[in-house]
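Residues 1 to 302 in our numbering are what the sequence shown spells out, letter by letter.
Check the hints yourself; a few may be wrong.
Claimed, not checked - Derived EDC-like pairs (lysine to aspartate or glutamate); straight-line CA-CA distance at most 16 Å:
(1) K116 - D195
(2) K116 - D248
(3) K234 - D248
(4) K234 - D195
Since the hints were made in silico from the structure, they are not lab data.
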Amino acid sequence: MQHVLVLLNAHAGTLLDRNADEVRAIVERGLAEGGRQVEVRLLEGEELARAIRGAGRGPHDTVVVGGGDGSVSLAARSLTHSDKTLGIIPLGTINLLAGDIGMPADLATAVAALSKADVRRIDLGTLNGRPFHTISGTGFFSQMARAREAARHISIGSFKLGRFMAVGIAAFQAVRRAGRFTLDIDIDGRPMTVDAFAALVSVNRFTGPGWRRARLDEGRLEIHIAEDRGALAKLRAGADLMADVWRDNPGILSFEGQQITVARRRRSRTWVSTDGELSRERVPLRYRIRPASLSLLIPPAQ
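Construct the complete structure from the given sequences, taking the supplied hints into account.
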C-alpha cells in the first residue's frame, strides 16, 4: 500500500455535517504513514460511480471506497481483474462486507484500521456473470428492497421518515406482496423443486451472529430457501429471519454448492436484490463462486 486512491461518497450521512477539507485531512493524515501517497476525492452520484468503475486503471495500487454496499459491490466488480487491493470505509446503512471484516463505523477509526490492515484474498460470487460480494435474493428479499427504497421518499408533514420506521414499513409491504412461487433449483447438478416465498444466495456461509460470515474464503455458495407453508409459517419465518434465529426454523432450508441455478416457473425475468442493489434479472438466475478473486484490506484483529 504505497499509492492509495480514496473515493468517498460526499452524500453519505456521516459526511454531510463535515467540511470537505476536514474529511480529506482525516483520511490523508491517517493513511500517509510510511511515506504513502494518498489522493482523496469526495464525489457523488454518477461521478462517484464513474470513478469507481475506472479505479481498476491508474498508478495507484490500492483503492479505498467510502460508501454503502452498492458502492463496494461496484468496486469489487471493477477491481476483480486488476492487480489492485480494495479497502472499505463503511458509510452506508447496512455495510455487509465491512461488518464481516470488523471495519469500525467511525471515519477516523476506520482510517486507522485501514492503515494497519493486512491484504487477503477473498471469494466473490457471480449472478449471471456479474460479481457480488455478499448476498443476492429474490421473492421476499427483493420485495423488501423495493419497499425500503419507496419508504425512503415518504414524508410525514415536513419530516422524512426515520430509518427504523422506513424499515418497518418496508417489512410490512414485503410480507404483504411476497407471494408463493415455484422454484426449480439446481445445486452442483442436483435438481429440486420447492414452493417458496423467498430464496437467498450467500457467498460463503453465515456462521457468525447477526447475519455475519466468519470466513470469506471457503470457496462455496449457500442458498437459503423459505418454503411456503402458509400465512402463519410465513410470518414466523419473517420474524426468525429478522431475529437471526432462522437456522432453527424447519421451513427455511439451506444447501451448499459451487454452482447454483434458480428458475421461477412462468417467469422470464424477476426482481433480485444483490448487495442492497435492486435489479430486474433474466431467469434462470445462475450463481457461481469465484474463489480468492479479490484482494481486500482486513484489520489485523479480524
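- So which of those numbered hints doesn't the model satisfy? 1, 2
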